[in-house]
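Engineer: Following the hints, position chain B against chain A.
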Amino acid sequence: MAADLKPAWKSSDLMPFKYLKRKVKLKSKQQELLIRVSILFLVYVLAFIARLFSVLRYESMIHEFDPYFNYRTTLFLTQKGFYEFWNWFDSESWYPLGRIIGGTLYPGLMVTAALIYWTLRFFRFAVHIREVCVLTAPFFASNTTLVAYFFGKEIWDSGAGLVAAALIAICPGYISRSVAGSYDNEGVAIFALLLTFYLFVKAVNTGSLAWALASAFSYFYMVSAWGGYVFIINLIPLYVLVLLITGRYSLRLYVAYNCMYILGMLLAMQIRFVGFQHVQSGEHMAAMGVFFLMQVFYFLDWVKHQLNDPKLFQAFLRIAVTCTVGVGAVALGVGTASGYISPWTGRFYSLLDPTYAKDHIPIIASVSEHQPTAWSSFMFDFHILLLLFPAGLYFCFKRLSDATIFIVMYGLTSMYFAGVMVRLILVATPAVCLISAIAVSATIKNLTLLLRTKNKVSQSGSTKATSGAKASSKASLVQSQPFQGNVVIALLVGAFYLLSRYATHCTWVTSEAYSSPSIVLAARGAHGNRVIFDDYREAYFWLRQNTPSDAKVMSWWDYGYQITAMGNRTVIVDNNTWNNTHIATVGRAMSSYEDEAFEIMRSLDVDYVLVVFGGVTGYSSDDINK
Amino acid sequence: MAPPTIGARLTPAVSIFALLSLLVVALPSAQEVQIINAERRIDLTSHIIRVFLTLKVESIGTAAVSEILLAFPPTEADHLALIKVQAAVGKRKKRAYVPLEVNPTEVPDAPNGTKYFTISLLNPLKSGEAATLEVLYILTHSLEPFPAEISQSESQSVYYRDSALLLSPYHVKQQMTFIKTPSTKVESFTTVEPTNRASTELKYGPYEDRTPYSYSPIIVHFQNNNPFAVVEELVREVEISHWGSLHITEHYSLLHAGARHKGIFSRVEYQSRPSFSGVSSIKRLLARLPPRVHSVYYRDEIGNISSSHLRTDVQKSELEIEPRYPLFGGWKATFVIGYGLPLQDFLFESPDGRRYLNFSFGCPFVETVVDKLTIKVVLPEGSKDPSAVVPFPVEQRLEKKYSYLDVVGRTVLVLEKKNVVPEHNTPFQVYYTFNPIFMLAEPIMLASAFFLIFMACVAYLNIDISIRK
Chain A
1 MAADLKPAWK
11 SSDLMPFKYL
21 KRKVKLKSKQ
31 QELLIRVSIL
41 FLVYVLAFIA
51 RLFSVLRYES
61 MIHEFDPYFN
71 YRTTLFLTQK
81 GFYEFWNWFD
91 SESWYPLGRI
101 IGGTLYPGLM
111 VTAALIYWTL
121 RFFRFAVHIR
131 EVCVLTAPFF
141 ASNTTLVAYF
151 FGKEIWDSGA
161 GLVAAALIAI
171 CPGYISRSVA
181 GSYDNEGVAI
191 FALLLTFYLF
201 VKAVNTGSLA
211 WALASAFSYF
221 YMVSAWGGYV
231 FIINLIPLYV
241 LVLLITGRYS
251 LRLYVAYNCM
261 YILGMLLAMQ
271 IRFVGFQHVQ
281 SGEHMAAMGV
291 FFLMQVFYFL
301 DWVKHQLNDP
311 KLFQAFLRIA
321 VTCTVGVGAV
331 ALGVGTASGY
341 ISPWTGRFYS
351 LLDPTYAKDH
361 IPIIASVSEH
371 QPTAWSSFMF
381 DFHILLLLFP
391 AGLYFCFKRL
401 SDATIFIVMY
411 GLTSMYFAGV
421 MVRLILVATP
431 AVCLISAIAV
441 SATIKNLTLL
451 LRTKNKVSQS
461 GSTKATSGAK
471 ASSKASLVQS
481 QPFQGNVVIA
491 LLVGAFYLLS
501 RYATHCTWVT
511 SEAYSSPSIV
521 LAARGAHGNR
531 VIFDDYREAY
541 FWLRQNTPSD
551 AKVMSWWDYG
561 YQITAMGNRT
571 VIVDNNTWNN
581 THIATVGRAM
591 SSYEDEAFEI
601 MRSLDVDYVL
611 VVFGGVTGYS
621 SDDINK
Chain B
1 MAPPTIGARL
11 TPAVSIFALL
21 SLLVVALPSA
31 QEVQIINAER
41 RIDLTSHIIR
51 VFLTLKVESI
61 GTAAVSEILL
71 AFPPTEADHL
81 ALIKVQAAVG
91 KRKKRAYVPL
101 EVNPTEVPDA
111 PNGTKYFTIS
121 LLNPLKSGEA
131 ATLEVLYILT
141 HSLEPFPAEI
151 SQSESQSVYY
161 RDSALLLSPY
171 HVKQQMTFIK
181 TPSTKVESFT
191 TVEPTNRAST
201 ELKYGPYEDR
211 TPYSYSPIIV
221 HFQNNNPFAV
231 VEELVREVEI
241 SHWGSLHITE
251 HYSLLHAGAR
261 HKGIFSRVEY
271 QSRPSFSGVS
281 SIKRLLARLP
291 PRVHSVYYRD
301 EIGNISSSHL
311 RTDVQKSELE
321 IEPRYPLFGG
331 WKATFVIGYG
341 LPLQDFLFES
351 PDGRRYLNFS
361 FGCPFVETVV
371 DKLTIKVVLP
381 EGSKDPSAVV
391 PFPVEQRLEK
401 KYSYLDVVGR
411 TVLVLEKKNV
421 VPEHNTPFQV
431 YYTFNPIFML
441 AEPIMLASAF
451 FLIFMACVAY
461 LNIDISIRK
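Line by line, the protein sequences are chains A and B. All residue numbers for the first sequence refer to the UniProt record's numbering, where the first residue is 1 and numbers rise by one. All residue numbers for the second sequence refer to the UniProt record's numbering, where the first residue is 1 and numbers rise by one.
None of these hints come from the bench; they were simulated from the model. Because the structure is a prediction, the values reported are computed rather than measured. Warning: the hint list may mix true and false statements.
[Stated by the list, open to error] So the derived list for chain B, only partly shown, Cβ under 8 Å to chain A, looks like this:
1) Asp-300
2) Ser-306
3) Glu-322
4) Arg-324
5) Trp-331
6) Lys-332
7) Ala-333
8) Tyr-402
9) Tyr-404
10) Leu-405
Where is the CB? At the ideal position from N, CA and C, for every residue including glycine.
Just chain A, same shape as in the assembly:
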């Protein structure tokens, strides 16, 4: 943008006459810039306010279950400082085991919110940390639209970028995890994910070390924010591998990947929860393998350059490849056998094989958001994007480049994962939006181009076209042009109709399905008035105010985070389901006869039991139903 404007000003100093001429010439470019910036700004604002339904309809509050844990830790962070937070041993959950919070969470979200909070405080904006937490997700969603714009611009053109920004701003698949109050890791993680991908693609396109470095830092942020970083560390090597296989190896790729991988890995090791997984866990081995493969490629390239003899090189290649594969296999085998490299975790297996969790880890399978996705929810979350996605893929294949290959791979893999697990629709959303944006942008661009050329033709021979259309049976080319124009207009109208349907659908879904905090339930009374069921908070607040401060509360693990956050009391189990035995003990106490359950509860030192009963109000997801 800066470059576009520069000549006008420079020349203005020297030659005022020429400047005037140039100014007129630059006008359309300036206009375009202005329109682009204002559209982006509007999209930015739209992405934010579309997520405020829940605040307007209910109140500024934290939603669901996990966000309460995040809120509680953020509160702790802002009150006690980072060191206390990092070394926090929480005795209020998993009684009597406790939990080392600093070592078992992704601190990215909390640190982000705390930084925003401290910044605002520094500028004397006396906000409450809760407001910051509630609005963190919408804020990052807005930032995601900017990243989507730049990403779209990088892989296609600025038009596709704008469409991508607009699509992702209101896409229900993303809104479902980023409405105001849903203060969860995913809120910032999608931003970090897309930013990492964008910066990496930029690095590959330019071969610049700076972009690769930025990508590594963005990856570090992603690792600190969400466990989904595993997707990045597997997708990028896969992408590199595909580029290698398709013969698109270049020095740009070499610089981008090596810098990003090495620095990203070293940075990621600073997160205590991740630790040495990058060199020890089976899930991260693909990246390391590709890293070594890159070195081999580079080495071979060099040897090829040095040898300058195809026959000799062929022989050398054979030996080198055999050796490399052999050494790699032996290393992997030894690592796995000695236990240095840990095998894949259950969650990872269940992604590759959808039936795995059902047979081996029932607690993962029992969570509703880990279920395979139904078609309806694809339609619900993507709407027309589902139809535009294949079209976008077509355009991508038509104009293959390093960047489009990346987005195609991202789209295809994430779509597969979205099919395996409902919650991974979220990961697929940016890819689907980008690819659909390419489809929309390319289609509309082609159509408008057709319309413009047709207009030019008709302007030059307008009299011929209007008067002679019926009478003279000229060449079919001239005949078909008005017909073609109508089709173009019809198609354009259809596209706009579809897009407007998409907008209404998104608004409807957001307001109806994704904007309820699930702590407060609202219903319509007999006279159309709103009835609010606030029983959860009533119970938690009672616990907070009227029980001894060291009381232990037993409940199903669903309510663990909420009891510790809102009730401020010790719980036996919570939503961080790290100890299945403990959960099973509580489950047994909950489902046994009273005298038996009493013994178990005595052994667990329980003072209070929280049971949710929905029989009176007709609330179906109560404890009896579990």
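Structural biologist: Frame of chain A, contents of chain B only:
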């Protein structure tokens, strides 16, 4: 000089007190004044006890008397929230009341730790002159629940302890005491002849010619289902904004100080039989707010509480709130209420050019006791020399607060008072000087910040900082 009749249900401590009081020798000052007639009306209908005492005092000494002593047993003195005295001036039709000054005093060798208050009379009483004094004093935390624990379906009964005779350092010629109970359900009461009971009223007396410090303990055991709403701590923050509004934030920690809750709480029974179940629980509270109140909110640490109603009219606003859960005896709840008020109703300019805030002290909730009340008046940034005028003694200090876009911070005048009752809801004033130019500080700051941002953008777009040419 009949010894006081000791009631059947007297606790040992009280009886010792009574016996000791017999040994007391009248204080020297007592010789100069005698009480011709004393009439006490004790109102026990809520948990705030209001005692209306009418004294007709006469000077019998030689010198003129300018001060009258009021005596309280130490237990009562600890719970004394407020004491007001008025002198009746004029005869019958033209009778007017003039408030008199009352101050706590120490009297040497007070029997059994009796506490005294001195009433300063307007005109000293010459020998033989009489005056009528109207005394109102309010006691809090003086009803003891018995049984101390009740279940959800039971009613709450309380003990009230007092003396049938007025504790006074003076000779009392004639006295009567009326006790008003909230209902006719009185379990028992000490009889000190003559004692009568008629519906909700107990009548002790008349008793004639009692010596100074006569004491006759009585206990009344009666049903009192009024919720014992006690705010353990109330912090009211009044923030003045010269842009036209006054913001009040009130932090409550509420306690039901009645009989403790025993056993389980059944929500179904509570809702289906409201007249039998949880009759003494706090279901809702009513706050009387000033008229033209706006942006009212009611929330606590974990979010908004949806059960409140606001009624406004020209005279007053009424906010009715329900706690998240009904408060039974011993249960607590904390919450915050906030509202805004138009500034012109409360901020005025005094003749000397200073501004003053005229606002009501005390808790807006009806029939609540506040154990500790803190009022923080947040003055606008740049205001100087704050001083408060409060009609009763309070502790004062200054603080600093940083709010939106503050640079030097706002001066906060903190007023603290313990044991506050609804009668303390009288206006108080805070005077300060303020230069209106300070109002512009924040808008100018914002405007210049935006200006700088735009300037930076323009500069960025026009400066070529690339190394390559």
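Engineer: For every hint, state whether the structure bears it out.
Structural biologist: Hint by hint, here is what the structure shows:
no., hint, verdict
1, Asp-300, "holds (7 Å)"
2, Ser-306, "holds (5 Å)"
3, Glu-322, "violated (11 Å)"
4, Arg-324, "holds (5 Å)"
5, Trp-331, "holds (5 Å)"
6, Lys-332, "holds (5 Å)"
7, Ala-333, "holds (6 Å)"
8, Tyr-402, "holds (6 Å)"
9, Tyr-404, "holds (5 Å)"
10, Leu-405, "holds (5 Å)"
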